[in-house]
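Asks: Respectively, the protein sequence lines represent chains A and B. Going by the working numbering, the first sequence opens with residue 1, and the numbers climb by one from there. Going by the working numbering, the second sequence opens with residue 1, and the numbers climb by one from there.
There may be inaccurate statements among the hints.
Cross-link-like lysine-lysine pairs, in silico, DSS-like; alpha carbons within 30 Å at most [to be verified]:
| # | chain 1 | residue 1 | chain 2 | residue 2 |
| --- | --- | --- | --- | --- |
| 1 | A | Lys408 | A | Lys445 |
| 2 | A | Lys455 | A | Lys445 |
| 3 | A | Lys262 | A | Lys333 |
| 4 | B | Lys24 | A | Lys254 |
| 5 | B | Lys24 | A | Lys24 |
| 6 | A | Lys333 | A | Lys254 |
| 7 | A | Lys284 | A | Lys455 |
| 8 | A | Lys455 | B | Lys24 |
| 9 | A | Lys284 | A | Lys24 |
| 10 | A | Lys262 | A | Lys300 |
| 11 | A | Lys333 | A | Lys284 |
| 12 | B | Lys24 | A | Lys333 |
Simulated DEER-style distance windows between Cβ atoms [unchecked claim]:
| # | chain 1 | residue 1 | chain 2 | residue 2 | range |
| --- | --- | --- | --- | --- | --- |
| 13 | B | Tyr19 | A | Pro54 | 34 to 42 Å |
| 14 | A | Phe265 | B | Tyr9 | 28 to 36 Å |
| 15 | B | Pro26 | A | Tyr432 | 14 to 22 Å |
| 16 | A | Asp111 | B | Leu8 | 40 to 48 Å |
| 17 | A | Asn155 | B | Tyr9 | 42 to 50 Å |
| 18 | A | Thr392 | B | Lys24 | 43 to 51 Å |
| 19 | B | Glu56 | A | Phe52 | 17 to 25 Å |
| 20 | A | Asp359 | B | Glu56 | 35 to 43 Å |
| 21 | A | Gly181 | B | Tyr19 | 17 to 25 Å |
| 22 | B | Tyr9 | A | Thr373 | 14 to 22 Å |
| 23 | B | Tyr19 | A | Ala60 | 38 to 46 Å |
| 24 | A | Phe52 | B | Ile6 | 19 to 27 Å |
| 25 | A | Thr3 | B | Pro26 | 43 to 51 Å |
| 26 | A | Asn155 | B | Lys24 | 39 to 47 Å |
Please keep in mind that the hints were generated in silico from the structure rather than gathered at the bench. Just so you know, even glycine gets a beta-carbon here, dropped at the ideal spot from N, CA and C.
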Amino acid sequence: MNTMLIVVQLAYFIAAVLFILGLKRMSSPRTARVGIMWAGGGMALAVLATFFQPGLGNYALMIFAIAVAGAAAWWWAKHVQMTDMPQMIAIYNGMGGGSAAAIAAVELVRDEPLELRLMSLAVLGALIGGIAFSGSAIAFAKLQGLMDKTIYFPNQQLINSAVFIGAVLLGIALVTSGAPGWIIFLFFALTLAFGVLMTLPIGGADMPVVISLYNALTGLAVGIEGYVLGNPAMMIAGIVVGAAGFLLTQLMAKAMNRSLAKVLFSQFGAKPKGKEEEIEGDLKPIEANDAASLMAYAEKVIVVPGYGMAVAQAQHKIWEFCELLQERGVDVKFAIHPVAGRMPGHMNVLLAEAGVPYDMIYDLDEINEEFPTADVALVIGANDVVNPIARTDPDSPIYGMPILDADKAENVIVIKRGKGAGFSGVENHLFYAENTRMLYGDGQKMGSALIAGAKAM
Amino acid sequence: MIEGIIALYIFMLAAFVGYEVISKVPVILHTPLMSGSNFVHGIVLIGAMVALGHAETWMEQLIGFIAVVLGAGNVVGGYVVTERMLEMFKESKREDKK
């Protein structure tokens, strides 16, 4: 082993340590920002070291590729709206999976064949990475609104399974036959097709779980290709992300009270079964001024934001209003349902963007017992996550999902654009409750109206 | 080349590390952490560089080039997205709450 190779290996080792320490720091809000910088430092070191790895060529192509792709990715990531972050994660994750699959492809088309063990692993990594690539691309297209949310066709499960089995068989053929060109091509075609087919029927609310799953898959693929290339840094970083990703996927699925199998293989909200419970009471509207004064004279207000708030970009206005309430001595708290927004934690990010300090934001477990002591629960753009039917009606598609007990507050004010049902298509009994008042209108306009109302007092 | 059984040990230990790192994370950080781990598997870029570096035929060069492009997108995009999200986490100015 020559000196340069030792230096490069050492750099990879340090990078692996930095990744783990960085991820560790990212798991606490206090140290999260330092964490990403450490991981970033590790990445820069590893990339730099690779340029000095002995025996490489094509440097011009390499630098060109990195410069162009890096600049484009940098510009795009900088200019995208905060609400669009989930699909950005999806697309950049897909790129990683695609890269892992492409590495395998280079190894496969090479003239000197790999030994059997490495060949099988290269093919396995290509399969996983390829699925993560095309699946993430579809997830991106769906979240970006480029394609219809869910697509069903007859015998979908059967066709999907057939495509998957076909891809696996071709993979085996690749390993055993010494990889003739047309099998390689067909193998990748079927792998990519399966990623697409698998993601087509999965609907909006399940998207975060799927993106997280693809994230884990990409990690796994990277780890496997790392072994094929004999690169421990890739192995460690890939498998760490793979394991963390699978756990995160499960945490997310659990927060939504859905098993991973159901997310992947059942069709969410396809057919509401059974008859819905009769709804008692009616919708009682309220004016913004009255709502503002109700909250201004309250002792404790709990805000329940939902995706509707994010769509209306109302978080800034709502926070401004809450600051006014705070000045009057009102105790304001934000209650976040695990799946509020489009991803677990997404709503926290949006509130943080508006300037809400994270120690005013509470999880479902922390806040639920406080609702009975709150004077007002302000529900803005949230629907299913506060629907009491999840506690009572076993026939409802959202039955069993943990919800925020907004209905237990003394008064409930709901800011809502129209009278439609939530994402799950279920009517919300909370809106008809005796203590609920509906404030109809666009989140941002209503936010301004509330601010005006509070200032006028 | 790394011996098969050593590789298994590496995979096993790395899997535990990944599991441990995530298991105590608060919900508030799920999305940023997913994004952060998305950045970390961008290490695939160095594998792509090696693959392109060893490429000889135009076919190998083409696929290797694609691999590097995708890998670099993963790294840079993943970093900027995570950075932007975490940038917004600040603490309350009031001292009475922790």
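Asks: Work down the list of hints and note, for each, if the structure agrees.
Replies: Hint check:
1. For the hint linking Lys408/A to Lys445/A, the alpha-carbon distance of about 27 Å falls within 30 Å, and the restraint holds.
2. Our distance criterion of 30 Å between C-alpha atoms is met by Lys455/A and Lys445/A, whose separation comes to about 15 Å.
3. Pair hint Lys262/A plus Lys333/A does not hold up; C-alpha atoms about 34 Å apart against a cutoff of 30 Å.
4. With a C-alpha separation of about 15 Å, the suggested pair Lys24/B and Lys254/A falls inside the 30 Å cut-off, and the hint holds.
5. For the proposed pair Lys24/B and Lys24/A, the alpha carbon gap of about 10 Å is at most 30 Å, so the pair holds.
6. With a C-alpha separation of about 25 Å, the suggested pairing of Lys333/A with Lys254/A holds against the 30 Å cut-off.
7. Distance restraint check for Lys284/A and Lys455/A: the Cα-Cα separation of roughly 25 Å lies within the 30 Å cut-off, and the hinted pair is therefore satisfied.
8. The suggested pairing of Lys455/A with Lys24/B is violated, with an alpha-carbon distance near 42 Å, which exceeds 30 Å.
9. For the proposed pair Lys284/A and Lys24/A, the alpha carbon gap of about 49 Å is over 30 Å, so the pair is violated.
10. Pair hint Lys262/A plus Lys300/A does not hold up; C-alpha atoms about 39 Å apart against a cutoff of 30 Å.
11. With a CA separation close to 25 Å, the supplied pair Lys333/A and Lys284/A stays within the 30 Å bound.
12. This hinted pair checks out: Lys24/B and Lys333/A have alpha carbons roughly 23 Å apart, not beyond 30 Å.
13. Under the hint 34 to 42 Å, the C-beta atoms of Tyr19/B and Pro54/A, about 36 Å apart, fit the expected range.
14. Judged by the Cβ atoms, the range 28 to 36 Å given for Phe265/A and Tyr9/B holds: they are separated by roughly 34 Å.
15. About 34 Å separates the C-beta atoms of Pro26/B and Tyr432/A, a value inconsistent with the hinted range of 14 to 22 Å.
16. The beta-carbon spacing between Asp111/A and Leu8/B, approximately 30 Å, falls outside the hinted interval of 40 to 48 Å.
17. Between Asn155/A and Tyr9/B the beta carbon distance is about 44 Å. The supplied range of 42 to 50 Å therefore holds.
18. Taking the beta carbon of each, Thr392/A and Lys24/B are about 34 Å apart, not inside 43 to 51 Å as hinted.
19. For the pair Glu56/B and Phe52/A, the supplied restraint of 17 to 25 Å holds, since their beta-carbon distance comes to about 21 Å.
20. Distance hint check: the CB atoms of Asp359/A and Glu56/B are about 57 Å apart, inconsistent with the given range 35 to 43 Å.
21. Under the hint 17 to 25 Å, the C-beta atoms of Gly181/A and Tyr19/B, about 40 Å apart, miss the expected range.
22. Separated by about 53 Å at the C-beta atoms, Tyr9/B and Thr373/A break the suggested range of 14 to 22 Å.
23. The supplied range of 38 to 46 Å is met by Tyr19/B and Ala60/A, whose beta-carbon atoms lie about 42 Å from each other.
24. Our hint of 19 to 27 Å for Phe52/A and Ile6/B holds, since their Cβ atoms are close to 25 Å apart.
25. Between Thr3/A and Pro26/B the CB atoms are about 45 Å apart, so this pair conforms to the stated range of 43 to 51 Å.
26. Taken as a hint, the range 39 to 47 Å holds for the pair Asn155/A and Lys24/B, whose Cβ atoms sit roughly 44 Å apart.
Taken one by one, the earlier hints fail for this structure at numbers 3, 8, 9, 10, 15, 16, 18, 20, 21, 22, listed in ascending order.
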